[in-house]
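With chain A fixed as given, assemble chain B onto it according to the hints.
First to last, the protein sequences are chains A and B.
Residues 1 to 358 in full-length UniProt numbering are what the first sequence lists, from first letter to last.
Residues 1 to 358 in full-length UniProt numbering are what the second sequence lists, from first letter to last.
Do not rely on the hints blindly, as some may be mistaken.
Since the list gives no way to pick one copy over another, a pair counts as held whenever it fits inside one copy or between any two copies.
In the DSS-like style, the derived pairs of lysine-lysine whose C-alpha atoms are separated by at most 30 Å in a straight line are [to be verified]:
1) Lys275 to Lys106
2) Lys218 to Lys78
3) Lys2 to Lys106
These aren't lab readings, by the way, just hints derived from the structure by calculation.
Protein chains: 2
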Amino acid sequence: MKSIPLLLMGCGGVGRQLLQHIVSCRSLHANQGVHLRVVGVCDSKSLVVASDVFTRELNDKFLVEVCRVKLNGLSLSKLADFDECLIYLNSESKRKVIDIAALLGKSTGLAFVDCSASSETTGVLNRVVDLGCCIVLANKKPLTSRLEDYDKLYSYPRRIRHESTVGAGLPVIASLNRILLSGDPVHRIIGSLSGTLGYVMSEVEGGKPLSEVVKTAKSLGFTEPDPRDDLSGMDVARKIESLYPDEMEPDVMSVEEFLATGIKLLDNDVEERVKKASLRGNVLRYVCVIEGSRCEVGIQELPKTSALGRLKGSDNVLEIYSRCYNEQPLVIQGAGAGNDTTAAGVLADILDIQDLFP
Amino acid sequence: MKSIPLLLMGCGGVGRQLLQHIVSCRSLHANQGVHLRVVGVCDSKSLVVASDVFTRELNDKFLVEVCRVKLNGLSLSKLADFDECLIYLNSESKRKVIDIAALLGKSTGLAFVDCSASSETTGVLNRVVDLGCCIVLANKKPLTSRLEDYDKLYSYPRRIRHESTVGAGLPVIASLNRILLSGDPVHRIIGSLSGTLGYVMSEVEGGKPLSEVVKTAKSLGFTEPDPRDDLSGMDVARKIESLYPDEMEPDVMSVEEFLATGIKLLDNDVEERVKKASLRGNVLRYVCVIEGSRCEVGIQELPKTSALGRLKGSDNVLEIYSRCYNEQPLVIQGAGAGNDTTAAGVLADILDIQDLFP
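The following block holds chain A by itself, in its conformation from the complex (with noise of 0.2 Å):
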């Protein structure tokens, strides 16, 4: 049976979810001669670790507590009542998460799983590249701040995956980076590729107020812990156009105040621009176009029947052109939000790397 030791950073939605499901998956990941051993989960402020890493794991019992406490807005640290394992909390966790990689790293292999939603795992994950760790990332932050932390984190490209950062859990990096290995040059690629924003805008279609819409998408899991990473536009690519305006920025406004009363005053714009569109036999649909080294992301109106127009839900589109996917494109279609198709993603990837495994 090979052994893949894992570390869980970010225990919320996803982290949660990715734990359940490794936890349902051990007699199929049994049968396919495969165990995930979980060596360590952390929280932004606290680790919890095996007694001995190398040996030891966090049982399916303590798992299925780490997201009970997770799930009722705890911390980490009220695991303490268990006694196998050990319990770090802030700077000294951090120590501890490189302590554990470098150990980890170069003998038996660690993936390092990271499915929070902050930008504060980019240093950590930068430094255990080098230990030889493999990165699976949920969280998309870490590949589209700053282009070196991206060099860094691809310095070996066979020990990253991240599908679960574009769509969800739909097959787009797995498929895209098949296609570039095959020596098949892509030349366009267009997307509906935020399943928050897919969903806000066929919702609001039907003539739901953007507030109340928004705030559904938040209670499924559909959108990241503070909505407006998704509206703002950012978590497709770059900023072109936002779907609210400066003074409902996160260093204005906090979310809490943002969802009770800052959205609500978006709502007659948005529905006043959905009637619009109507008019004209169209819908509004939040794109993404790559050609060449143009990248343009904002709000198109789309015929309601063609591809794109028909979308509905939460559902993601990509098409994708290349040589061999010429006139007709390659399409990959399906839902691309929701903690639970994103953490299977995640899972699909960990196993992807076993092979990198001893």
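Just chain B, lined up with the frame of chain A:
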């Protein structure tokens, strides 16, 4: 630089295209730290091997010459003039293939690539599995004849890839594997999975005779060497509905006779079925449905406006329903036939197993 030794069986359209892709991707792959070392190439009669399979390779100039010879319909034995390689004929070639697998399989590893369309490779493949070789298939036959062959070839699931056996280079198998390994149970698959039959069905809609459409399809490389492999439905799954009658079966009629006279006898019948469907606003599509243990393959009349009805050319569509893709399926669509995309899928498979090589 990681070196992946490779032995190619079959140098018809797909195999030739694969060799061309390998040669033209040299610098791309070098940038990724990978070199594909072609140690041998065989057709149904001969085997050409590098003079020392541990250290040498058939160089790019030689591989281009292989393509030229095969494009001209000649046997590999015509390559005897080159002195960096050894040539084996007939039964000796089969023995030598096993020898090479035994030599390289457990030392450097060997990717055994089957781009033939023959069921005769199954015996060799079954043997090299136990010799530590990896297997990459564009050839469907070894996986779709006897269940015990399938099980044998899947003895080591990480060591086999066969993306191009379904939908040419479309990321169908890779995506399905990701879904299944993440514990997301698939409960329904529906698709139009024969690029050939997709092309044939959408071309006869325009009023062209079946016989003409099939010949064009063959010349475009969309069909198996014997187009009846496609037309019988066998190429999709089980034989449910064949496009030709028993008296045109391969054991009764040669490929040449079928293309010259047999297939013309089917033109009128197909034309009539197309017209009848059209009067009802429908088109004919060759569709495969898998649900639970049920598998149906055959011609269905579908609305012109449905996703399957809107399919054009040799595009394939696959809809996968699972827990994560429940109300709305995961959809994968694109070119499902053609030597270029099929060979690209094989090449992506070879690179996908690179971590298994030392």
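A quick look at each hint next to the structure:
no.	hint	in the structure
1	Lys275 to Lys106	neither (59 Å within a copy, 67 Å between copies)
2	Lys218 to Lys78	within (26 Å within a copy, 68 Å between copies)
3	Lys2 to Lys106	both (16 Å within a copy, 19 Å between copies)
The structure fails hint 1 only (numbered hints given earlier).
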